[in-house]
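Protein chains in written order, with my numbering: chain R, 70 to 369; chain W, 70 to 369.
If you are wondering where the hints come from, they were derived from the structure by calculation, not from laboratory data.
Idealized CB from N, CA, C, for every residue including glycine.
DEER-style ranges, computed between Cβ atoms: (1) R:D262 with W:H155: 19 to 29 Å; (2) R:K349 with W:H224: 40 to 50 Å; (3) R:S175 with W:L164: 47 to 57 Å.
In silico EDC-like cross-links for lysine to aspartate or glutamate, where the CA-CA straight-line distance does not exceed 20 Å: (4) R:K266 with R:D235; (5) W:K259 with R:D295; (6) W:K200 with W:E140; (7) W:K362 with R:E284; (8) W:K362 with R:E282; (9) W:K229 with W:D262; (10) R:K349 with R:D131; (11) W:K153 with R:E251.
Here chain W is said to cover these stretches of chain R; the calculated rule only asks that three of the stretch's residues, wherever they fall, bring their Cβ under 8 Å from a Cβ of chain W: (12) 152 to 163; (13) 248 to 260; (14) 314 to 327.
Each chain is listed here by its residues.
2 protein chains.
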Amino acid sequence: MPLLVVGSIAIDSIHTPTEVRENILGGSATHFSYAASFFSGVRMVGVVGEDWQEEHTQLLADRGIDTSGIEVEEGGKTFRWTGKYHNNMNDRDTLEVHLNVLENFSPTLSEEAARCPFVFLANGSPTTQMKVLDQMTGPRLVVADTMDLWIEIEHDQLKKLLSRIDGLVLNDSEAKLLTNEENLVRAGQKVLDMGPKFVVLKKGEHGAMFFSENETYVMPAFPTPDVVDPTGAGDSFAGGMMGYLSEQNNFDPKTLKEAMGYGTVVASLIVEDFSLDRLKGASRDEIDGRFDKYRQMLSF
Amino acid sequence: MPLLVVGSIAIDSIHTPTEVRENILGGSATHFSYAASFFSGVRMVGVVGEDWQEEHTQLLADRGIDTSGIEVEEGGKTFRWTGKYHNNMNDRDTLEVHLNVLENFSPTLSEEAARCPFVFLANGSPTTQMKVLDQMTGPRLVVADTMDLWIEIEHDQLKKLLSRIDGLVLNDSEAKLLTNEENLVRAGQKVLDMGPKFVVLKKGEHGAMFFSENETYVMPAFPTPDVVDPTGAGDSFAGGMMGYLSEQNNFDPKTLKEAMGYGTVVASLIVEDFSLDRLKGASRDEIDGRFDKYRQMLSF
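Given only the sequences and the hints, what does the whole structure look like? Please build it.
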């Protein structure tokens, strides 16, 4: 089933304790789409500037991603983000952020995009996320991401969004901020009370938690000794998860749990190199192999 | 099979964000023994002062724990610790610590204690831990805990200890300090290279990792919304784990993994109230029930 993602496309500069990489491909929609493409057809909607390099589009298209929704804004510059990771590779500081073309991004969906049954609203203002929803014609499953900024400055809009979506994906610190609750189990349950049918609470290197009316569970991150660049781990997690749901054309509890497993596995791959480099060399077979290892790791 | 634990017995004062409890029973050997007593016979060795209250011994004896190794030092005072938890209930500050009788504690084992096949050397100086080992007559499985203090001031002794034990249990921050490695997978593997056959790396609310020559895995904490007092979680984890190994009289990989699960479950119970209060009301049936839930949570 085709999967729609609307989100950011970025040029990142990444500082890790051992290396600096400048002007590499990033953005929530980018990481999400690439990860999801191993499972499902993906339509990607976003905006870039005149500085955008055609080779990036080609890279995405080569994985079968429908890039016709990538709008090039004349005279504009692509969104840029510069981040620096702490020694623990889990915390990071934003050194620079230039919204550029993202500042006035108002996504317009093609007819095909509007008809996608599975939708992921990557991190963006709740107002923009709802504008996307307004254009959809009866999606089966809508999942959104959010961040601290929107919790702080668009709280009411976010609350409205929460009543219109099926699933929400957010970080542990964001869940605490949104619910004013330090215990993550309570925080997740409180987010659930705000409207979505399920909540995925991401804990970075410590994995992710899942909350629905009938279930609460935790899945650890797949342990990898090779953490090179954690950028995009959360979006790849969502991409693996949504890609699998879309492939299965199902989101019952069993499929959702497997999808959490696939999200975990794809995220563990992406952090092993910069940008999309690790996934570029990956195959569905490799992902399935790590998924089996992960499943076995958790059975006793 | 009888299980020996040598470690601290304490009177704690605990400050949580919502409550203060003074002069409650604590200590590594105490938490360990109580947790292990649901699985196995336990012999507890430690020292207390003249201020020790007989009701504490009675509480332990009521669970079948052999308390004859608790030495009462004339004119001495019991070890005291006061700690304050941060809002996240995972980090804490030590407000006061009075070693008292623990300062010159030199454990002497009875013949029965020396013959125990399963041994846990709870947190203590490596020198003292090795003195215990010197008295043992052919134990089958020796596991030790350690802490940052010993890594810093008794590094050489700790290295010696590591070559004499089968398993080491330590915190994530301690593993990083010991190995000078930020990635926990690498840190765990480096500790393994120092001698023990397996390493358990505890991550507090995020669970625990296991390392052996042939296996690396992560087990998340059992998610509980009711975290009242995390004191003793790590020692109870070790108690549940070692208790189960001792009960099964086995420590093959399959049994070790189940033991990690039991450790996780017992730790998730102890944090739901102060001191031993939550476990006082627990039964093996309740522990087994949560274990089954935990196992199910991780299967997909």
